[in-house]
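Go ahead and model the full structure; you've got the sequences and the hints to work with.
Number of protein chains: 2
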Amino acid sequence: MPLTADTVEKWAEQVRRGDVRSVSRAITAIENHAPEAEELLRLLFPATGGAYLTGVTGAPGTGKSTLVDRLGAHYRKKNEQVGVIAVDPTSPFTGGAILGDRIRMQGHAGDSGMFIRSMATRGFLGGLARATAEVALLMDAAGKKQILIETVGVGQDEVDIVRLADCVLVVLVPGMGDDIQNMKAGLMEIGDIFVLNKADREGADRLEEQLLAMLTLVMPRDGWHPLVVRTVATESKGIAELAAEVARFRNHFESSQERNRKRAAHWKLRLTEMLGSRLLERALRGAGGEARLEELAREVAERKTDPFAAVNEILSKSGFSS
Amino acid sequence: MPLTADTVEKWAEQVRRGDVRSVSRAITAIENHAPEAEELLRLLFPATGGAYLTGVTGAPGTGKSTLVDRLGAHYRKKNEQVGVIAVDPTSPFTGGAILGDRIRMQGHAGDSGMFIRSMATRGFLGGLARATAEVALLMDAAGKKQILIETVGVGQDEVDIVRLADCVLVVLVPGMGDDIQNMKAGLMEIGDIFVLNKADREGADRLEEQLLAMLTLVMPRDGWHPLVVRTVATESKGIAELAAEVARFRNHFESSQERNRKRAAHWKLRLTEMLGSRLLERALRGAGGEARLEELAREVAERKTDPFAAVNEILSKSGFSS
Numbered sequence: 236m237p238l239t240a241d242t243v244e245k246w247a248e249q250v251r252r253g254d255v256r257s258v259s260r261a262i263t264a265i266e267n268h269a270p271e272a273e274e275l276l277r278l279l280f281p282a283t284g285g286a287y288l289t290g291v292t293g294a295p296g297t298g299k300s301t302l303v304d305r306l307g308a309h310y311r312k313k314n315e316q317v318g319v320i321a322v323d324p325t326s327p328f329t330g331g332a333i334l335g336d337r338i339r340m341q342g343h344a345g346d347s348g349m350f351i352r353s354m355a356t357r358g359f360l361g362g363l364a365r366a367t368a369e370v371a372l373l374m375d376a377a378g379k380k381q382i383l384i385e386t387v388g389v390g391q392d393e394v395d396i397v398r399l400a401d402c403v404l405v406v407l408v409p410g411m412g413d414d415i416q417n418m419k420a421g422l423m424e425i426g427d428i429f430v431l432n433k434a435d436r437e438g439a440d441r442l443e444e445q446l447l448a449m450l451t452l453v454m455p456r457d458g459w460h461p462l463v464v465r466t467v468a469t470e471s472k473g474i475a476e477l478a479a480e481v482a483r484f485r486n487h488f489e490s491s492q493e494r495n496r497k498r499a500a501h502w503k504l505r506l507t508e509m510l511g512s513r514l515l516e517r518a519l520r521g522a523g524g525e526a527r528l529e530e531l532a533r534e535v536a537e538r539k540t541d542p543f544a545a546v547n548e549i550l551s552k553s554g555f556s557s
Numbered sequence: 236m237p238l239t240a241d242t243v244e245k246w247a248e249q250v251r252r253g254d255v256r257s258v259s260r261a262i263t264a265i266e267n268h269a270p271e272a273e274e275l276l277r278l279l280f281p282a283t284g285g286a287y288l289t290g291v292t293g294a295p296g297t298g299k300s301t302l303v304d305r306l307g308a309h310y311r312k313k314n315e316q317v318g319v320i321a322v323d324p325t326s327p328f329t330g331g332a333i334l335g336d337r338i339r340m341q342g343h344a345g346d347s348g349m350f351i352r353s354m355a356t357r358g359f360l361g362g363l364a365r366a367t368a369e370v371a372l373l374m375d376a377a378g379k380k381q382i383l384i385e386t387v388g389v390g391q392d393e394v395d396i397v398r399l400a401d402c403v404l405v406v407l408v409p410g411m412g413d414d415i416q417n418m419k420a421g422l423m424e425i426g427d428i429f430v431l432n433k434a435d436r437e438g439a440d441r442l443e444e445q446l447l448a449m450l451t452l453v454m455p456r457d458g459w460h461p462l463v464v465r466t467v468a469t470e471s472k473g474i475a476e477l478a479a480e481v482a483r484f485r486n487h488f489e490s491s492q493e494r495n496r497k498r499a500a501h502w503k504l505r506l507t508e509m510l511g512s513r514l515l516e517r518a519l520r521g522a523g524g525e526a527r528l529e530e531l532a533r534e535v536a537e538r539k540t541d542p543f544a545a546v547n548e549i550l551s552k553s554g555f556s557s
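These protein sequence lines are chains A and B, in that order. For the first sequence, my numbering begins at 236 and goes up steadily by one. For the second sequence, my numbering begins at 236 and goes up steadily by one.
The hints are simulated quantities; they were obtained by calculation from the structure and are not laboratory data. Hints are not guaranteed to be accurate.
Any copy, or any two copies together, can satisfy a pair, since identical chains are not distinguished.
Taking lysine-lysine pairs in the DSS-like style, the calculated list, with each CA pair at most 27 Å apart, reads [said to hold, decoys possible]:
no.	residue 1	residue 2
1	K472	K380
2	K539	K380
3	K380	K313
4	K552	K539
5	K313	K552
6	K312	K380
7	K503	K312
8	K539	K245
9	K503	K539
10	K539	K497
11	K312	K539
12	K503	K380
13	K497	K380
14	K312	K497
15	K245	K503
16	K313	K472
17	K313	K539
So, in structure tokens, the structure goes:
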């Protein structure tokens, strides 16, 4: 059932007022890539830009979910509206996303200032990053001033998601063996603040030493030197200190050009993705649709044609001049 | 310097003969998205389809690299040509890919039947999955009958890469805490064989029990029940048994339609990606190129326009009829 412009306008208004049901419905529309989602986001876009996005990333088992939960609770105590987006496919909360949200929400039952959503979208190219970005926009429009995005720190898709964030927390725990070695490749470069969680465990001091040693090798970005904060999230220890460092980071960059550069780079990526899927849709419409694409895929699999010839066939029928 | 058709034909011939330098050059061309890479792959395509692709995935620290190394050595002893593609961004071998390949190659120095390549490509949408797929095709054309693809098992990009594989090994080790809980979401569904590595460690029996209990919940796919193989890769223990299970899996599916379905699904994804990047290239050419896209991205970041209006501007100038 297509919605009238009037209905979408009313829906947008309810989202802006932070109505939980309207926000939930909008997220579902985004996840399903429903046509009204675009109209809604377009209406809401001018109301966005006020949220601060913190990405929380790290290997499975580092306690990211608990950390996000406690950090969210900390912001709520300061009376800031909080949105949580869990896109960690290894999180016990995702997969069974709805159940997961229920479990999470229990601790914040009746608090309309804390909105939590797990993303279970998978399976199409870039879909998870797109959906996450759109849900963040939506929460932004709904007045959430602190948005926390939880994700595991490996994989291009996760890196794309983390790139959304204004501030990136990389979570580590003692006793995961050669973890520092392993994380070097990707995470070291994207972390603004390193969280040494489960800091009451054996090996925490050694890990901190190693981390600090490694961080001396990292070039400061626009005058910011990544640092280490120790937490025991399960006991809410170190959470206030962590929030203070995030705030310090925020102040540091609000004044610099780095934030604008980062946001522009983010939108370049987003526009590219949006453009890509629109173009694909149009091209297929002219060339026999998904059915013809599937037929060609079978022919390529059987070596009856080659992939380049297949792509050229669709391009030539796509209605694209040149 | 553009290559003549004649030169590319000669190059393809050398790749088909398995000439190491020609294969290396071709991989570099693929990674750089060089125009001659397409022509080369088109020429080589009819010679592909003979390789068996085994994907090896699991969390950082599970010993995937060693396992791949030993499995490769096992196939070499059987006189099968082996190609290894390491796309694990957390692997100590990637990042510094060239050094990594050198370190890896040492154990196989002078063995032209073992070709190892680390993929360091990053940063553009779907780029890693595309490049990995093309390198696998190339190794296939070069006569590698066993191709091993190592990747970490999280993230959409990694899932896309693993989807390339005919058989997927999921590697676990004892003592990584709530790992089984964590891996449930994504890896449980894609594993054909579960490898319990470092099986001499404490907790191996318990992990195996948990795994087996969990596997009873997994629906068999076309009559195949995922199973567990114990290995100590560093001591080459269990490698022959693992190879035997991979062979059993292969026999099971060579006869079924599942392999064809999987390959067709793979090519559908690949064609979609290829089409998407071609379309994008063309559309931008007509609409002011990347410079205009960057300008629009800045305007969106500053809320001077909205992303949908920006995309529509490019679409309308793209020369796309409709």
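Evaluated hints:
{"no.": "1", "hint": "K472 x K380", "result": "within (23 Å within a copy, 54 Å between copies)"}
{"no.": "2", "hint": "K539 x K380", "result": "between (55 Å within a copy, 21 Å between copies)"}
{"no.": "3", "hint": "K380 x K313", "result": "within (11 Å within a copy, 61 Å between copies)"}
{"no.": "4", "hint": "K552 x K539", "result": "within (20 Å within a copy, 36 Å between copies)"}
{"no.": "5", "hint": "K313 x K552", "result": "neither (58 Å within a copy, 48 Å between copies)"}
{"no.": "6", "hint": "K312 x K380", "result": "within (13 Å within a copy, 61 Å between copies)"}
{"no.": "7", "hint": "K503 x K312", "result": "neither (36 Å within a copy, 50 Å between copies)"}
{"no.": "8", "hint": "K539 x K245", "result": "between (53 Å within a copy, 23 Å between copies)"}
{"no.": "9", "hint": "K503 x K539", "result": "between (38 Å within a copy, 15 Å between copies)"}
{"no.": "10", "hint": "K539 x K497", "result": "between (46 Å within a copy, 17 Å between copies)"}
{"no.": "11", "hint": "K312 x K539", "result": "neither (64 Å within a copy, 34 Å between copies)"}
{"no.": "12", "hint": "K503 x K380", "result": "within (23 Å within a copy, 41 Å between copies)"}
{"no.": "13", "hint": "K497 x K380", "result": "within (19 Å within a copy, 44 Å between copies)"}
{"no.": "14", "hint": "K312 x K497", "result": "neither (29 Å within a copy, 51 Å between copies)"}
{"no.": "15", "hint": "K245 x K503", "result": "neither (30 Å within a copy, 40 Å between copies)"}
{"no.": "16", "hint": "K313 x K472", "result": "within (17 Å within a copy, 56 Å between copies)"}
{"no.": "17", "hint": "K313 x K539", "result": "neither (64 Å within a copy, 32 Å between copies)"}
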